[in-house]
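> Each step along the sequence shown adds one to the number in the working numbering, with nothing skipped, and position 151 is 151.
For the record, the hints were derived by calculation from the structure and aren't laboratory data. Beta carbons: idealized from backbone N, C-alpha and C, even for Gly. There may be inaccurate statements among the hints.
[Said to hold, decoys possible] Pairs of lysine-lysine, BS3-like flavour, derived with a Cα cap of 25 Å:
| id | residue 1 | residue 2 |
| --- | --- | --- |
| 1 | Lys213 | Lys183 |
| 2 | Lys94 | Lys182 |
| 3 | Lys105 | Lys89 |
| 4 | Lys89 | Lys115 |
| 5 | Lys129 | Lys213 |
| 6 | Lys149 | Lys115 |
| 7 | Lys101 | Lys182 |
[Claimed, not checked] Label-pair distances were calculated between CB atoms; the ranges are:
| id | residue 1 | residue 2 | range |
| --- | --- | --- | --- |
| 8 | Leu28 | Lys129 | 32 to 38 Å |
| 9 | Glu221 | Lys101 | 40 to 46 Å |
| 10 | Met84 | Glu221 | 18 to 24 Å |
| 11 | Met303 | Met84 | 43 to 49 Å |
| 12 | Ile25 | Glu80 | 57 to 63 Å |
| 13 | Thr17 | Asn137 | 36 to 42 Å |
| 14 | Lys94 | Glu221 | 53 to 59 Å |
| 15 | Asp241 | Lys94 | 39 to 45 Å |
| 16 | Asp114 | Gln146 | 36 to 42 Å |
| 17 | Asn163 | Asp203 | 18 to 24 Å |
| 18 | Asn137 | Ile242 | 57 to 63 Å |
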Amino acid sequence: MPKKKKIQRKSIDKIKTIPKPKASIEELQESRNGGQIALRGYSYQFLYSCYLMLSCKDENTVFNLEGIEDIDKIVSTSDEQKTMHIQLKYSENKQDASFMKSVLKNFLEAYLLDKNRAFKLVYDFSVAKGHLSKLVNNILDSDELQYWKATVDEIKNENPQWNWHQLDFDDFISKISYENIKKAVLAERVEVALIENYDITTDNIKLFANSIKMFCFEKMETRSAVSLNDLKHQIELVKFDISKGAENPAHGWIEKVNFNELTDQESNYYEGKKAIPMDIVKGLPVSRVLLEKDIRTSVNNYMVTVIKSSSGQGKTTLALKTQYCLQKGIYTVSAY
1 MPKKKKIQRK SIDKIKTIPK PKASIEELQE SRNGGQIALR GYSYQFLYSC YLMLSCKDEN
61 TVFNLEGIED IDKIVSTSDE QKTMHIQLKY SENKQDASFM KSVLKNFLEA YLLDKNRAFK
121 LVYDFSVAKG HLSKLVNNIL DSDELQYWKA TVDEIKNENP QWNWHQLDFD DFISKISYEN
181 IKKAVLAERV EVALIENYDI TTDNIKLFAN SIKMFCFEKM ETRSAVSLND LKHQIELVKF
241 DISKGAENPA HGWIEKVNFN ELTDQESNYY EGKKAIPMDI VKGLPVSRVL LEKDIRTSVN
301 NYMVTVIKSS SGQGKTTLAL KTQYCLQKGI YTVSAY
C-alpha cells in the first residue's frame, strides 16, 4: 500500500509544470504586477464611490463603504429602509459566465438572511458572448434561467449550512441590476457632479475632487458611513482652506476703511500721484462731480460696480471719493 502511494506521487510530480526562469531582472520586474492589478481595482472602487455619493441628491441616503459589499446604499424614510449592496469589478481581461459565480455567492449569502435587499454589479471589463452577456443585458429565456439555476445549485452544494429555505430563485435574480461604467470617465464625472450638485465652478475644481477622493479613501479604510451632510462639510473645509491659503489671489482683498482714523496724518499728495485714503480726507484731488455721481448711483443700484479705463486715469481716486461719500458700511479694495 505505501508503495502504491509513492508511485501515485511520482506520477503527479511528472505532470507538474516547472515555470521557466526569468531571463533578466527587467522580465522579473514586469512579471511581479500583482500590486498594480490590485490598485487598479481599488482605484475603480473609490472613484465610483465618489461619483455615486456626489451624484446623489436624496438627503435620506447613507453610504456604508466596505460594508457587506463594496458599497451599501441605504435609503431611509419614515415607513421603511431600502438597502442596495453594490459590488464593483474591474479587469482588463474579458470575463465569461464562470466569473459570475463568486458574485452570486456573495449576493446569495446576504439575500438568504434578508430577502428585502437589492443588489448591483458595477463593472468595467469586456463581457464574452454567452450566458454572462445575456445576464447583464437581462436576456433571460428558459435556457438562461436553467443555466443560472444550476450555478446557484452548485453554490448551494458548497454551502449546505446556509438557510436555503429562504431561496426564491426568480425573486433573487430579479433583485440584481447591472451597470457598465468605464474607469476612464469616472474622474470627469466626479467633477461634473461637483459642478452640478455643489455649485463648484472655480478653477480649483480639481482641489475639491482630489479632496473628496481622499475623503472617500479614508472612509473605505475605516468602513465608515457617509451622509450627504458629511460630503457638504468636506467641501466647506476645502473652501475654507482655499480662502486662507497664502497663494490665493483673493486673500486679503477686502478691508474696511475708517476715514476718521486718517484725519491727523499728513498728506504729501501732488498732482499726478495716485490718491490714498488720507488724501481724500484732505479734500484732494479736485472732485469730478458727474463721474462720482454716476458711480454712487451704480453702487446704490447694483451689487457690483466696475470702473474701467486705461492706466493713470484716476480709477482708484474715483472709487475712494465714492467710498468717502458713502463711508457707512463701505469697504475698499486694498490691492489696487
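> All hints, please: hold or fail.
Verification of the hints:
1. Lys213 x Lys183: holds (14 Å)
2. Lys94 x Lys182: Holds - the C-alpha atoms of lysine 182 and lysine 94 are around 14 Å apart, at most 25 Å.
3. Lys105 x Lys89: Holds, at roughly 15 Å.
4. Lys89 x Lys115: Distance of about 23 Å is within 25 Å: holds.
5. Lys129 x Lys213: violated (35 Å)
6. Lys149 x Lys115: Measuring from Cα to Cα gives roughly 17 Å; hence the hint holds.
7. Lys101 x Lys182: holds (22 Å)
8. Leu28 x Lys129: 32 to 38 Å: holds (37 Å)
9. Glu221 x Lys101: 40 to 46 Å: Check failed, 29 Å falls outside 40 to 46 Å.
10. Met84 x Glu221: 18 to 24 Å: holds (22 Å)
11. Met303 x Met84: 43 to 49 Å: holds (44 Å)
12. Ile25 x Glu80: 57 to 63 Å: Once the Cβ atoms are compared, 60 Å apart, the range 57 to 63 Å for glutamate 80 and isoleucine 25 holds.
13. Thr17 x Asn137: 36 to 42 Å: holds (38 Å)
14. Lys94 x Glu221: 53 to 59 Å: Distance hint for lysine 94, glutamate 221 is violated at roughly 31 Å.
15. Asp241 x Lys94: 39 to 45 Å: holds (44 Å)
16. Asp114 x Gln146: 36 to 42 Å: Violated - the Cβ-Cβ distance for aspartate 114 and glutamine 146, about 27 Å, lies outside 36 to 42 Å.
17. Asn163 x Asp203: 18 to 24 Å: violated (56 Å)
18. Asn137 x Ile242: 57 to 63 Å: Since the Cβ atoms of asparagine 137 and isoleucine 242 sit about 45 Å apart, the hinted range of 57 to 63 Å is violated.
Of the numbered hints listed earlier, those contradicted by the structure are 5, 9, 14, 16, 17 and 18.
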